[in-house]
Structures are given as structure tokens and as C-alpha cells.
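Taken in order, these protein sequences are the chains called U and E.
In terms of UniProt numbering, the first sequence opens at residue 1 and continues consecutively.
In terms of UniProt numbering, the second sequence opens at residue 1 and continues consecutively.
No lab work stands behind these hints, which were simulated from the structure alone.
This one's a predicted model, so the numbers in the text were calculated from it and none came from an experiment.
Take these hints with a grain of salt, some might be off.
Unchecked claim - Below, a list of computed lysine to any residue pairs in the SDA-like style, where the Cα atoms sit at most 20 Å apart:
{"#": "1", "chain 1": "E", "residue 1": "Lys61", "chain 2": "U", "residue 2": "Tyr72"}
{"#": "2", "chain 1": "U", "residue 1": "Lys253", "chain 2": "U", "residue 2": "Ala297"}
{"#": "3", "chain 1": "U", "residue 1": "Lys252", "chain 2": "U", "residue 2": "Arg209"}
{"#": "4", "chain 1": "E", "residue 1": "Lys20", "chain 2": "U", "residue 2": "Asn69"}
{"#": "5", "chain 1": "E", "residue 1": "Lys20", "chain 2": "U", "residue 2": "Tyr72"}
{"#": "6", "chain 1": "U", "residue 1": "Lys232", "chain 2": "U", "residue 2": "Ala179"}
{"#": "7", "chain 1": "U", "residue 1": "Lys253", "chain 2": "U", "residue 2": "Gly298"}
{"#": "8", "chain 1": "U", "residue 1": "Lys252", "chain 2": "U", "residue 2": "Asp309"}
{"#": "9", "chain 1": "U", "residue 1": "Lys253", "chain 2": "U", "residue 2": "Val285"}
{"#": "10", "chain 1": "U", "residue 1": "Lys232", "chain 2": "U", "residue 2": "Gln207"}
{"#": "11", "chain 1": "E", "residue 1": "Lys66", "chain 2": "U", "residue 2": "Tyr72"}
{"#": "12", "chain 1": "U", "residue 1": "Lys253", "chain 2": "U", "residue 2": "Leu325"}
{"#": "13", "chain 1": "E", "residue 1": "Lys20", "chain 2": "E", "residue 2": "Val94"}
{"#": "14", "chain 1": "E", "residue 1": "Lys66", "chain 2": "U", "residue 2": "Asn69"}
{"#": "15", "chain 1": "E", "residue 1": "Lys61", "chain 2": "E", "residue 2": "Val19"}
Said to hold, decoys possible - Some chain U residues flagged as far from chain E (calculated, every beta-carbon gap over 12 Å):
{"#": "16", "residue": "Gly54"}
{"#": "17", "residue": "Glu97"}
{"#": "18", "residue": "Ala173"}
{"#": "19", "residue": "Ala175"}
{"#": "20", "residue": "Val215"}
{"#": "21", "residue": "Val222"}
{"#": "22", "residue": "Ser248"}
{"#": "23", "residue": "Glu249"}
{"#": "24", "residue": "Leu270"}
{"#": "25", "residue": "Ser279"}
{"#": "26", "residue": "Leu287"}
{"#": "27", "residue": "Asp302"}
{"#": "28", "residue": "Ile305"}
Note that beta-carbon positions come from the ideal geometry of N, C-alpha and C, so glycine has one too.
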Amino acid sequence: MTRGAVLTAVLMAVTLAACTSAPKKDLALEQVRNQLEELKSNSDLSGYAPLSLGEAERALRAAEAATGNATYRNHLLYMADRRIQIARTVAQRQQLENELQALEDERNRMLVRASQLEAENARMEAERARLISQATAEDAERARQLAQEARQREAVSARTAEQAREEAEQAKALAETSARAADLARQEAELASEQAQSLRRQLENLQLRQTESGVVVTLGDVLFETAQAELKEEAMASLVEVVDLLQSEPDKKIRIEGHTDSVGSAEGNLQLSQRRADSVLDTLVSLGVDRGRVTTAGMGEDFPIASNDTEEGRSRNRRVDVILLDD
Amino acid sequence: MRLLFLIALTSLLTSCASVKPQPEAFTSAEQAIAAAVRAGAEQHSPVELRFAREKLAEARKGMEYKQFDKALYLIEHSEINSELAIEKSRTAEVRARLGEQARENEILREDFERTFGESFE
Numbered sequence: 001m002t003r004g005a006v007l008t009a010v011l012m013a014v015t016l017a018a019c020t021s022a023p024k025k026d027l028a029l030e031q032v033r034n035q036l037e038e039l040k041s042n043s044d045l046s047g048y049a050p051l052s053l054g055e056a057e058r059a060l061r062a063a064e065a066a067t068g069n070a071t072y073r074n075h076l077l078y079m080a081d082r083r084i085q086i087a088r089t090v091a092q093r094q095q096l097e098n099e100l101q102a103l104e105d106e107r108n109r110m111l112v113r114a115s116q117l118e119a120e121n122a123r124m125e126a127e128r129a130r131l132i133s134q135a136t137a138e139d140a141e142r143a144r145q146l147a148q149e150a151r152q153r154e155a156v157s158a159r160t161a162e163q164a165r166e167e168a169e170q171a172k173a174l175a176e177t178s179a180r181a182a183d184l185a186r187q188e189a190e191l192a193s194e195q196a197q198s199l200r201r202q203l204e205n206l207q208l209r210q211t212e213s214g215v216v217v218t219l220g221d222v223l224f225e226t227a228q229a230e231l232k233e234e235a236m237a238s239l240v241e242v243v244d245l246l247q248s249e250p251d252k253k254i255r256i257e258g259h260t261d262s263v264g265s266a267e268g269n270l271q272l273s274q275r276r277a278d279s280v281l282d283t284l285v286s287l288g289v290d291r292g293r294v295t296t297a298g299m300g301e302d303f304p305i306a307s308n309d310t311e312e313g314r315s316r317n318r319r320v321d322v323i324l325l326d327d
Numbered sequence: 001m002r003l004l005f006l007i008a009l010t011s012l013l014t015s016c017a018s019v020k021p022q023p024e025a026f027t028s029a030e031q032a033i034a035a036a037v038r039a040g041a042e043q044h045s046p047v048e049l050r051f052a053r054e055k056l057a058e059a060r061k062g063m064e065y066k067q068f069d070k071a072l073y074l075i076e077h078s079e080i081n082s083e084l085a086i087e088k089s090r091t092a093e094v095r096a097r098l099g100e101q102a103r104e105n106e107i108l109r110e111d112f113e114r115t116f117g118e119s120f121e
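Just chain E, with the same shape it has in the complex (with noise of 0.2 Å):
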């Protein structure tokens, strides 16, 4: 009864926390950020994937003071930055590998029409 009080009186003291974040929560989060410098989110999305790992350490920071509201958000925040990094390296990629097809087929069309002349295709 005591002890509910205390949780009670601690929610109310930090204001909108309800839920303490599990520490499973903290290792999905790493791991999505391992997955983004995997994806090659250093070169290809830097910025998102600083967001993702500052916010992580926000979080926590927020646990140290028992924000764990705020420690919950942070963590989702850091989470949905290294999927929108993993995503942005995908993109950063197909982007790559589109220009060497387009530099590829420009070698392709000039060699063929060395090869069969000018009216090839």
C-alpha cells in the first residue's frame, strides 16, 4: 500500500511518465542503429543516423532522472531515425547504381555504334 503510494506520488512528481522503459527497449534501438551503418546510413544519411544515436543517449539520460515517458519517446525517436537512415542508404544506393547503369549503357551505345554505325537503334 506504500509502496503504491510511492509509485503513485512518483508519477505524479514526474509528470506524464507511466511506463519504465525495459532494457530491450534500449537494445532494439542499438541494434537498429548497428543496422544503419550496416545499410551505409555513415555515408549515405549521417545526419539521421547522429539523431538516432542522440536521442538514444537521451534516453538515456532521461532514465538517470526517471523520465521514463520522455525516455520512451526518445527511444522510439532514436529508432525511427535509424530506419529512416536505412532507408535513406537504400535510396542512396539504387541512386549509385542507377547512375553506373546510366554510365554503362552510355559506354554500351557508343561501342555498339562504333561497332554497327551510327544507326544503331
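Pulled out of the complex, with its shape left as it was, chain U reads as follows (with noise of 0.2 Å):
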């Protein structure tokens, strides 16, 4: 608006001043003047183009200089007018270019900062993937670590098996070993009992007393087969006996006297009780008694030890005494 009233003074002053001996046209000069002293005070644009205003300045000098020719002056101050609207858009133009290269600066910064961030979050991201794989790497450890224990004490309960499996095997050999010994034992017990009840059996076929000779014993009835003078093989038993206990004292004399009931002769039992007492010698001889320690007596039926009215005294009154005598 102010350039275009200015312009349009000028131009008005040039075409009325053109090739004219016109007075002083000291307004449109002061129109001009003005125009450069209000850009000069801006500013925002007087320092932008020293250059371009230093040619506007030196214009409007040979303008104020020119005198006389009005048209030449005219001339001056339209080129003054110009060079000031030259320095005034080159001015602008360098303000713009100084606010474009802040927007650059500006952009620069964010594509900076953007990146800077980029990258953060990059890290940060690797830095989660460190994370999470190390988590699962420490998983996998920790797996790792089970499955070693689990085989550890699987390990061990093998050996435990193992142990238990051989103390088992080691008690049943020793319940073994124990069941054969108690089996032993038991045997050597039965073996032993059977001994036992077989002397007990035998003490029982022989009688033993004290008498005034010595002690007697006597060999019954059962021991020998029904009127003979041969002992039973089971009598051997029952004599082994009876030498144990004469070899007991082997300074002593031996007696033997054979005894029957009333059954019979006289004569006949008197025979059959020497026949049985010479038997029982022989046999005692036979068991390692010396013969020189034994005399041999057949009594007959005259010294019964119980009633021949009965079966069982008769039984009782068959017999052999074996006596040791007394000194």
C-alpha cells in the first residue's frame, strides 16, 4: 500500500519532471528517504541484507545530490526507490532463509533424536530378548539341574535296590543258613531225644538196685527170645549200657546170675538161667568187659523177686542180674 502510493508518487514525479526544468520535487525525495529509514529501524530485516541496503543508501545519495535537471533527478530517486525495495526483499529473503535453516535444524534434531530413540528401543529390546533368553536359557539349567537329580537319586535307588537286593539275598542265605542250622539243631535235638527216650526205654528193660553186694542190675524177661538163651538184637542196646556203668568201676567183680519162674522143671530152668547168664557174658566179653572180672551163676527158679502165681510176676522173676559187687 505505502510502496504502491510511493511508486505511484514517483512515477507521477518522473513523467511530470521527465525532460522539464521542474521545481524541486522535495516530497517524493522525502517519500523515499522515509521508505529507507523505516527499513533501516526494522529490526527484524536491516541486518539481514548490508549489502543490497548500502547500494539503496548510495542511490538515494546521488538522488539528494542530483540538482538542476529535475528529469535526471526524477530518474535517481526511482532507482533509489527500487534499490530500497531491493534491499528490502532480499532483507525478507534472508530472514526466510534464516527461519528455513531453523526448520532444517529443527528437522535434523528429530531425525537425531528419533534415531537416538530408535536405537533405545532397539537396546531395550535386545536387552528384553537377553532377558527372556537368559530367563529360558535359566529354565533349561534348571531342567537341566532336575533331571540330573532326578537320575541322581534314581541312581541311588538303584543302589538301594542293589543294597536292599543283596541284604535280602544276604538274610535269606543267613535264614537259610539259619534254617539249616535250626534244622540241624533240630535234628541233633530229635537225634538226641531219640537217644534220650531210647536209654530212658532201655533204663526201663534194666532194673537197678542196691543190694548188700552191690548194684544190681537186671536184665528182664523181654530181652531175650521166649525160652532161649539168645539175647534180642535190640538187648545190644541195653547192654552197651550196662558195660558203660561196669567199666564205671573196672576194679570191681562182676556176677552174673540168671533167674526163671516156676514154669517147667526144676532141672530145665536151672539149665535155661546158666545157658542165658553164659550168654549175657559173652556178649559184655564181646562189648570190651574183661572176662577175668566176671563169674557166671545159673539159679534156677529159686529166687523169684515176685509172685509166680501171676503173669507178671512170672514175667518179673525171668530174669538175669547183673550185679557189681562190693569189695
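The two chains are supplied separately, each in an independent frame; assemble them into the complex guided by the hints.
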């Protein structure tokens, strides 16, 4: 608006003053001078186009200095006005370029910042990934350890089981041994028991009694075959006991007396009793008794130890007495 | 001698006129207008471009009337208007770039704020 007005004034001045010796157009000069002053005092623009501003000032000085020829002076005024406009637009451009530079700087700052943030994000992402992978690795390690522990436990269990098995086997073996030992002991006990029973039976057959003459062992009728002088097979064990008894007192003399019941003839009974006494003698000698210690006698039916009226009494009377004689 | 007189007379008659502009001066002014057009003056500085063309046309007219000083001044007026048109066009282009840059920065800022959050700068 102002510029347009000035321009119009200048153009009018130039046109009016063209090639004529017109009076001073101080108004037009003032207007151009004001234009320049206004531009110079504009703090936003004044510093931006020193060269163009210098040219504008020189043009104005030239116009001011021009005297006489009004056309020439108006020409210089017009040129000064244009120079001022050029200085203004150059200054504006410089200002805009500074603003543009500021925007480009801002843009670059944003890009740098963005790449920093991006790098930061990537770093955090990598860190997160690293943590996750570490956690995974730790899980794997834990699982590995658990598996290892399980394997060890298994191994221990296997060893324990093996030990238990071995111990069980040992125990079984021990038990078997014990069982065998027990069996053996049992057998021995049975054997001992049998022997004891056998001895008891034998002692039942051997009736032992102390008399004035000495210890008398009576061999019962059951040891002999009926009405025979020979001893039964099973009588031998009883006689071994008798031998033991006799040999316990080796210095003492032995007398063997045969006796019968009253059945049959006295002569027959006497002979039978003698033969039975001799039979016992032979047997004792065969079992290790010195024959020199022994004398025999057939006593017949005259020395009963029980009544001949009953079978039980008669049985007791059929006997052989082995007497270990006292001195 | 007769020629010198004629010249002096012509000078007096045409008042102020002293030197006839050379054709090169017109060529130079034409080139300045062409440069202004190339600088985008048709769009950015149409008034000054028009002045440059009108002044040159007046200068040619002045030549026809032998107003050589006037023609000389008008050529200079044309040239300085072309110069002004070029400077204005350049300024306009910087202004346009500034606007583009401001929009670009705004888009970039929004984009980054979306990506990195409100804390971006």
C-alpha cells in the first residue's frame, strides 16, 4: 500500500518532471528517504541485507545530490526507490532463509532424536530379548539340574535297591543258614531226644537196685527170645549201657546170675538160667568187659523177686542179674 | 563542422539528451526480463515484471522520438524492475520452501510423537 503509493508518486514525479526543469520535488524525495529509514529501523530486516542496503543508500545520496536537471533527479529517485525495494526483499529473503535453516535444524534434531530413541528402543528390546533368553536358559539349566538330580536319585534308588536286594539275599542266605542250622539243631535235638528216649527205654528194661552185695542190674525177660538163651537184637543197646556202668568201676568183680519162673522143671529152669547168664557174659565180653572180672551162675527158679502166681510176677522173675560186687 | 552544429542543435532541441543508447543496452534489458521470467516472476512478481516490460517499451518509443536520455533512463528502470522481480521471486520461493519445511516438520513431529510417545522433545 505504502510502497504502491510511493511508487505512484515517484512515477508521477518522473512523468511530470520528464525532461523539464521542474521545481524541486522534495515530497517525492522525502517519501523515498522515509522508505529507507523505515527499512533501516526495522530490526527484523536491517541486518540481513547490508550490501543491498548500501546500494540503496548510495542511490538515495545520488538522488539527493542531483541538482538542476529534474528529469535526471527523478530518474535517480526512482532508482533509489527500486534499490530500497530490492534491499527489502533481499533482507526478507535472508530472514526467511534463517527461519528455513532453523526449521531444517529442527528437522535434523528430530531425526537424530528419533534415531536415538529408536536405538534406545532397539537396545531395550535387545535387553528384553536377552533377559528372556537368559530366563529360558535358566529354565533349561534348572530343568537340566532337575533331570540330573532325578537321575542321581534314580541311581541312588537303584543302588539302594541293589543293596537291599543284596542284603535281602544275604538275609535269605543267613536265614537259610540259620534254617539249616536250626534244622540241624532240630535234628540233633530230635536225635538227642530219640537217644534219651532210647536210653530211658533201655533203663526201663534195666532195673537197677542197690543190694548188700553191690549194684544189681536186672536184664528183663523181654531181652531174650522166649524160652531161649540168646539175647534179642535190640537188647544189645541195653547191654552197652550196662557195659558203660560196669566199666565205670573197672576194679570191681562182676557176677552174672540167671533166674527163671516156676513154670517147667526145676532142672530145665536151672539149665536155661545158666545158659542165659553165659549168653550175657559172652555179649559183655564182646563189648569190651574183661572176662576175668566176671563169674556166672544159673540160679534156676529158687530166687523169685515176685509171685509166680501171676503172669506179671512170672515175667519179673524171668531175668538175669548183673551184679557189680562191692569189695 | 556543419554536422557538429546539427548535433548540438538536436541536443538542445531534445533537451537533456546527450548519449544515444546502444542496441546492447536494449539486449541487456531484454535478457534481464527473460531472467526474471525464468526466476518465476510471472507468478511471484507480476507487477514488477510488467513495469520492466512497459519501461522497455517506453524506451523504444523514446528512441523513435530521439529522446535518448529518457530512453536511457527507461532502460535502466526496466532493468532494475527485472532485478527486483528476480529478487522478489527468489524470496517468494524461499517463503514457499519455508512453508513446506514447516509442514514437513509438523508431520515428522506428529509421526515421531505417535511412535515414541508425547515425551518426544
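Cross-check of the supplied hints:
1. E:Lys61 with U:Tyr72: Holds, at roughly 18 Å.
2. U:Lys253 with U:Ala297: Roughly 14 Å between the alpha carbons, so the hint for Lys253 (chain U) and Ala297 (chain U) holds.
3. U:Lys252 with U:Arg209: Holds, because 17 Å separates the two Cα atoms, which is no more than 20 Å.
4. E:Lys20 with U:Asn69: 18 Å, holds
5. E:Lys20 with U:Tyr72: It holds: about 15 Å lies between the C-alpha atoms, which stays within 20 Å.
6. U:Lys232 with U:Ala179: 40 Å, violated
7. U:Lys253 with U:Gly298: 17 Å, holds
8. U:Lys252 with U:Asp309: 36 Å, violated
9. U:Lys253 with U:Val285: Distance of about 13 Å is within 20 Å: holds.
10. U:Lys232 with U:Gln207: 17 Å, holds
11. E:Lys66 with U:Tyr72: Status holds; Cα separation ~17 Å.
12. U:Lys253 with U:Leu325: Roughly 5 Å between the alpha carbons, so the hint for Lys253 (chain U) and Leu325 (chain U) holds.
13. E:Lys20 with E:Val94: Violated, at about 40 Å.
14. E:Lys66 with U:Asn69: 18 Å, holds
15. E:Lys61 with E:Val19: Distance ~16 Å between Lys61 (chain E) and Val19 (chain E) Cα, so the pair holds.
16. Gly54: Correct as stated: the minimum Cβ-Cβ distance to chain E is 15 Å, above 12 Å.
17. Glu97: Glu97 (chain U) is in fact no farther than 12 Å from some Cβ atom of chain E, at 6 Å.
18. Ala173: 82 Å, holds
19. Ala175: 83 Å, holds
20. Val215: Correct as stated: the minimum Cβ-Cβ distance to chain E is 130 Å, above 12 Å.
21. Val222: Since the minimum Cβ distance to chain E is about 128 Å, Val222 (chain U) lies beyond 12 Å and the statement holds.
22. Ser248: Consistent with the label, Ser248 (chain U) stays out of reach of chain E, its closest Cβ about 124 Å off (over 12 Å).
23. Glu249: The assertion about Glu249 (chain U) holds, with a minimum of 129 Å to chain E.
24. Leu270: 148 Å, holds
25. Ser279: Consistent with the label, Ser279 (chain U) stays out of reach of chain E, its closest Cβ about 136 Å off (over 12 Å).
26. Leu287: Holds, because the least Cβ-Cβ distance between Leu287 (chain U) and chain E comes to about 127 Å, which exceeds 12 Å.
27. Asp302: It holds; Asp302 (chain U) is separated from chain E by about 148 Å at its closest Cβ, greater than 12 Å.
28. Ile305: 137 Å, holds
Checked against the numbered hints given earlier, the structure breaks hints 6, 8, 13 and 17 and satisfies all the rest.
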